[in-house]
Amino acid sequence: MNLFTLVGICLNARQTTIKKYSPGVILQIHTAFLRGVGVLVSAALLAGCAAHQARQISGFDEHFEASNYVAASEYAMDKAGPGDKAPENLLWTLQAASALRGAADYRTSNAYFDFAEALMTREDGESLIRDGGENALAVLVNDSVMGYEPAIYDGVMVNTFKALNMLAEGDLGNARVELNRADDRQRRAVEAFAKEIAKRQEELEERQAAETAKHRGGANRVDTKRSLAVVERKVLSHIELDRWAAYPDFVNPFATYVNGLFFLLAATDTGDAGDLRKSHDALKRVASMVPDNDYVQQDLALVEGLSSGGLEQPLEPVVWVLFENGLGPVKRERRFDIPLFLVSDDVLYTSIALPKLEPRPAATKSLRIADGNELQLKTATVADMDRVIGTEFKKDYSYVLTRAVLGAILKTYVQSEITRTSGAAAGIVAALIQRATTEADQRMWTALPKEFQVARFARPATGTVTIGSPDLAPVEVSLPDAPFSIVYVKAARAGTTPSHVVMSFPPERLVSQN
Amino acid sequence: MNKFPRFLSAAFALALLAGCASTVEVVDTRADNGPGTMGIDYRDFDNAAATAVQEMLDSGAVDHPRGGRYVLAISRMTNDTMQRIDTDQLVKKIRVALLRSGKVVTTTAVGLNGAEDEMVNRARELRQSREFKQETVAREGQMVAPDYSLSGKIIQRNHKLSDGRQQVEYYFQLTLTDINSGLAFWEGETPIVKRGSNKTVSW
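Taken in sequence, the protein lines are chains A and B. First residue of the first sequence? That's 1 in our numbering, and the numbers climb one at a time after it. First residue of the second sequence? That's 515 in our numbering, and the numbers climb one at a time after it.
Hints are computed from structural coordinates only; laboratory data are not their basis. Mixed in with the good hints, there may be bad ones.
Each computed SDA-like pair below joins lysine to any residue, with the alpha-carbon atoms no more than 25 angstroms apart [unchecked claim]:
1. B/606 with A/171
2. A/234 with A/387
3. B/708 with A/398
4. A/394 with B/713
5. B/617 with B/581
6. B/713 with A/121
7. B/713 with A/118
8. B/606 with B/621
9. B/606 with B/585
10. B/713 with A/280
11. B/674 with A/171
12. B/708 with A/387
13. A/234 with A/398
14. A/356 with A/280
15. B/713 with A/122
16. B/674 with A/251
17. B/713 with A/151
18. B/713 with A/248
19. B/617 with B/658
20. B/713 with A/399
Isolated chain B (complex conformation) (with noise of 0.2 angstroms):
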C-alpha cells in the first residue's frame, strides 16, 4: 500500500490546521511596547493613577499626624472625553495605591448614589433575626465616617496639528477634599497626551 498519498493528505491537514491556528500572546503589562491607541488604554490609567497617587503622598496631605489612616471616600468621577471608559477602573488603581501606601483606607459603606458595598447595610438588617446570634452581628456605632473625599473628571481636548496630524491630550484632575472642613487639601491634574493620524475620529 502506498502510504505517500496519506502521508501527504496528512501533511496538507496539519498545514491547514497550522494556519487556521491563531497565536495568542501574553502581554507584560510593566514592559509593554505594543502600539498605542488614541484612546485611553490600560497604561494610560497605570500612568495616570502612578502619578496622581504619588503626587498626593509626596503633598503629604494624607500624613495623619498621630501615625493613623485617614478614611476616604469616592465621590463623583466624571468622564468627561469622548470615550466610553470605565472611571471605575481609574479609581480603583488609586485606592489600590494608596491602601498600599498605609495611610488612607477607603470606606465603603458611604458613596453618592449608595454604599458602594451593600453588604455593609444588608448585614446590619440580621439585627431581627432570631437565626443569628446576635453578638456576631454588627453593632450600632460602629462605622466610621470618611475624613476625606476624592472627586474628580477626566477630560478631552483635540487639536489639529500643522504637520496634518492630531493631537488629543486627557487630563486627569483629582481633587482631595477635607469633608470636615470642605477644603480641598490636594489637587492634581495628570496630562496623558498622544498624536497620531487625523484621518479620522479620535475614539
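So here's chain A without its partners, still in its complex pose (with noise of 0.2 angstroms):
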C-alpha cells in the first residue's frame, strides 16, 4: 500500500466517522490520542528494526554461502556481543557457533555454543511480565523488538552440533552428555508444543478483549474477530504453509539419527546393554520416518543384530559418510492488504507484514562415493531441515498471524481517529509511522542445512575413497585404520569444495580436515 492510499484511507474514515461529542468527551479522546502518537512516535524510534537486522543477516549468509567460514565467524562474533564478554545476542552466538564449526574451530564453536544454550535457558527462564510486556511492545511496533525467540530445533541443533565437535576432538564423554541433551529437548517439543499454543491463544483472547473494549468508546470501533477470519483466509491462501510437510512429533530424524549412530558406536566399545537399547530405539525411530533410506535400515539391522547376538561378535570395519547439504531456508516479508471491518458497516483498509519461507537450493542431489574398484554409491537423505523449520513455523504462524493483525487494529485504529481529530496532516505523519513499524520480523538461524545426507559401507581396502559430485570439487579422503569412522562432509552452494573431517572410532586423533 502506498502512502497516498494511506491518506485517503485516512481521510475517508475521517469522513465517515465524523460525530457529535460533548466538549468533556473531546478532551479525553484528545489525551488518548495524544498518548497514541506519543506510543506511535517511539515505535517509529524502534522501526526499521526489521529492515536493519534482515540485512545484518544476508551481510553473513554471503560469507557463509560461500564457505568462507572464518570471515562469516568474524562478523557474527562482532555482533553477538562485545569480545571481552559473555555473548549477549542468542542469534548471532548461533550464527557465530556454526561459522566457527565451518572452520573446523571446535573449542571455540562449542564455547559459543554453551553460551548460546545459557541464553536460551535464560530465555526459558523470563518472566510473565517481561514476556507480556514484549508481546504488547511487538503488536505496537512488530516482533522484531522482541529478544530472538530460539526455535526448538534450534535447542536440538545446538546439542546435536556441541556433540559433533566434541566428536572431532575425540571427547566420548561429553559428547554422550550432549546426545542426552538433544533427546530431552525433543522430547520436551512435544509437550511445549501443545502447551505453548494453548497459552498463546489464551494470552491473545485476552488482549483481543482487551483491545475490542478499549475501542468500544471510540468513534471507529473495530470488530476483530471479524477482521481476523478475512485475514487468515487471505493470508493462508498465499502463505503456502502447505508446502513444508510436517514431521510427525516434531522429531529432527537428523538428531535421533547422530544419537543412534553415536550409542551404536559407544556399546561396541563399552559392551553396555543400555547404549545398544538407546541405539536401538533411536534407529527404529529414524528408520520409521525415512523407511527409504537403506543405509539406516542397515545401521537398524545391525544393531538389531547385536542386541540378539551380543556384543561379542567382531564386527568389520565400517564408515560413514555424514553430508551437511546446501543450507536451509530464510525468512523473506511478504506484505498483505487486509481489510478492518468496523461496527458501523465501514471496512478501513490497511496492511500488514507476515515472514515467509523461502527455500535455499541444496548444493548437489547427492554425494557419490568410489574407492577406485567396486566400491560406487550414493548419500541418501536421513533429515529434510526445510521441513524440521517448516513444522515448527507452521504450528507458530497463527500466533504470528494474529499479533500482527492486532497490531495493524490497533496502529490503523489510532491513526484513523488522528485524522479525525487532528486533521488530515496529523493524519499523514501517523500513517508514515504505521507504514514504517509494520514489517515482518525475518531472524532465524540462517546457518543450518538444507538437509543431512548419509551413506555407510564397509571399509575398502585401499583405505581412501573419492567423495564428489557433479556440483562439487572431489575430495580424496583417507580413512583411518581403525574399527569405525565417519567422514563428516558440508557444502554450503554448488560449485565449491566441500569441507571434510574424519573421525575414528574409538577416537584416537582427529584424523584430517580441510
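Given two chains presented individually in distinct reference frames, assemble the corresponding complex, making use of the accompanying hints.
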C-alpha cells in the first residue's frame, strides 16, 4: 500500500465517522490520542529494526554461502557481543558457533554453543511480566523488537552440533551428555508445543478482548473477530504453509540418527546393554521416518543383530559419511492489504507484514562415493531441515498472524482517530509511522543446512575414497585404520569444494580436515 | 573551615563502597540447606557416595576373611546424564570412604587409560640411572594386582508431572567385580530424585 492510499483511507475514515461529542469526551479522546501519538513516535524510533536485522543476516549469509567460514565467524562474533564479555545476542551467538564449526575451530565453536545454550535457558526462565511486556511492544511495533525467541529445533541442533564438535575432538564422554540433552529437548518439544499454543491462544484472546473494550468508546469500533477471520483466509491461501510437510511429533531425524549412531559405537566399545537399547530405539524411530533410506535400515539391522547375538562377535570396519547439504530456508517479508471491519458497516483498509519461509537450493543432489574399484554409492537423505523448520514455522504461524493483525488494528484505529480529530496532516504522520513499523520479523538461524544425508559402507582395503558430485569439486579422503570411522562433509552451495573431517572410533586423533 | 561537606562526602563514599562490596558466605557443607538445583551438586555426590559405601560395607563383600585389605582398581565410570559432571569427583569420595573403612586400598597403578599415577611407572625408569641409589629404586615384582574392580554409571531420567513440574531422577549405579572370577560381588543403585519447574531444561 502506498502513502497516497493510506492518506485517502485516513480522510475517508474521517468523513464517515464524524459524530458529535460533548466537550468532556472530546478532551478525553484528545488525551488518549496524544498518548497514542507518543506511543507511535516511540515506535517509530524502533522502526527499521526488522529491515536492519534482515540486512545484517544477508551480510552473514553471503560469507557463509561462499564457504568463507572464517569471515562469517568474525562477522557473527562481532554482532554476538563485545569480545571481552559473554555474548548477549542469541541469534548471532548461534550464527557464530556454526561458522566456527565450519572453520573447524571446534573448541571456540562449542564455547559459543555453550553461551547460546545459557542464553536459551535465560530466555526460557524470563518472567511472565517481561514476556507480556515484549508481546505488548511487539503488537505496537512489530515482532523484531522482541528478543530472539529460539525455535525448539534451534535447541536440538545446538546440542547435536556440540556433540559432533566433541566427537571431532575425540571427547566421547561429553558428546554423550550433549546427545542426551538433544534427546531430552525432543521429548520436551511435543509437550511444549501443545502447551504453548494453548497458552498463546489464551493470551491473545485476552488481549483481543481488552482491545475491543478499549475501542468501544471511540468512533471507529473494529470488529476484531470478523477482521481476523478474513485475514486468515486471505493470508493462508498465499503463504504456502502446506508446502512444508510436517515431521511427526516435531522429531528432527538427524539429531535422532546421530544419537542412534553414537550409542551404537559406544555399545561396541563399552558392551553396555543400555547403550545398545538407546541406539536401537533411536534408529528404529529414524528408520520409520525415512523408510526408503537403505543405510539407516542397515544400521538398524546391525543393532538388532548385536542385541540378539551380543557384542562379542567381531564387526567388520564400517565407514559412515554424514553430509550437510546446502542451506536451510530464510524468512522473507510478505505484505498483505487487509480489511478491518468496523462496527459501523464501514471497512478500513490497512496492511500487515508477515514472514514467509523461502527455501534455498541444495549444494548438490547427493554425494557419490567411490574407491576406484567396486565401491560406488550415493548418499541418501536422512533429515530434511526445510521440513523440520517448516513444521515449527507452521505451528507458530497463527500466533504471528494474530499478533500482526492486532497490531494493525491498533495502529489503524489510532491513525484514523488522529486524522478525525487532529486533521489530515497529523493523520499523514501517523500513517507514515504505521507504514514504517509494519515489518515482518525475519530473524532465524540461517547457518543450518537444507538437509542431512548419510551413507555407510565397509572400509575399502585401499583405505581411501573419493567423494564428489557433478556440482562439487571432488575430495580425496584417507580413512583411518580404525574399527569405525565417520567422514563428515559439508557443502553450502554448488560450485564449492566441500569441507570434511574424519573421526575414528575408538577416538585417537583428528585424522584430517580441510 | 566547614568540615560538614567533607564529612558528607566521606560518608557518601563509604556508603557507595558499602553498596559495592559483595558478601561472601562460607557454607557449612554438613548442614547446608541452601536452594538445590535440578542438576547434580556436591550434596548429591556426598549422599550417593555415603549410601553406596555403607551398602557395600554392610553387604560384607569387602570383608577380608584373614582380616587384610582388598585391592581395588577403578574401572569405567560412565556419565550418562545431561549434566557435565566430573565422575572422578564421585569416585574420589567413594575411595576416601572405603579407605577410611580400613577394608580396601585403591591401586593407582592400573587404570583403563593407563596408570592413574604415572609416577609409579616413571620411578621404575630410574633403574637404568647411575644418578640414583639403586637400593632406593622400586624393585621388580613389588606392585600388587587388584582383587576388585569398581565400575559404574550415572543415568538420568526426566518426566513431566501432572502438576506441570518436572521430575528429574538420577541413578548412581555401582558394580564391584571380583577380577579373579569375573563375578559381581556387590551392586548398588542410589537414586536421587528432584522435582522443580518445567520452564526450562534440567541442566
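Evaluated hints:
1. B/606 with A/171: Given pair residue 606 of chain B, residue 171 of chain A holds - Cα atoms ~22 angstroms apart, limit 25 angstroms.
2. A/234 with A/387: It holds: about 23 angstroms lies between the C-alpha atoms, which stays within 25 angstroms.
3. B/708 with A/398: violated, 36 angstroms
4. A/394 with B/713: At roughly 23 angstroms apart (the allowed maximum being 25 angstroms), residue 713 of chain B and residue 394 of chain A satisfy the hint.
5. B/617 with B/581: Roughly 8 angstroms between the alpha carbons, so the hint for residue 617 of chain B and residue 581 of chain B holds.
6. B/713 with A/121: holds, 9 angstroms
7. B/713 with A/118: At roughly 14 angstroms apart (the allowed maximum being 25 angstroms), residue 118 of chain A and residue 713 of chain B satisfy the hint.
8. B/606 with B/621: holds, 13 angstroms
9. B/606 with B/585: holds, 15 angstroms
10. B/713 with A/280: violated, 30 angstroms
11. B/674 with A/171: violated, 31 angstroms
12. B/708 with A/387: Given that 25 angstroms is the threshold and the Cα spacing comes to 36 angstroms, the pair is violated.
13. A/234 with A/398: holds, 13 angstroms
14. A/356 with A/280: violated, 38 angstroms
15. B/713 with A/122: holds, 10 angstroms
16. B/674 with A/251: holds, 18 angstroms
17. B/713 with A/151: Holds, at roughly 15 angstroms.
18. B/713 with A/248: Roughly 23 angstroms separates the two Cα atoms, so the pair holds.
19. B/617 with B/658: holds, 16 angstroms
20. B/713 with A/399: At roughly 20 angstroms apart (the allowed maximum being 25 angstroms), residue 399 of chain A and residue 713 of chain B satisfy the hint.
Consistency with the previously given hints fails for numbers 3, 10, 11, 12, 14, ordered from lowest to highest.
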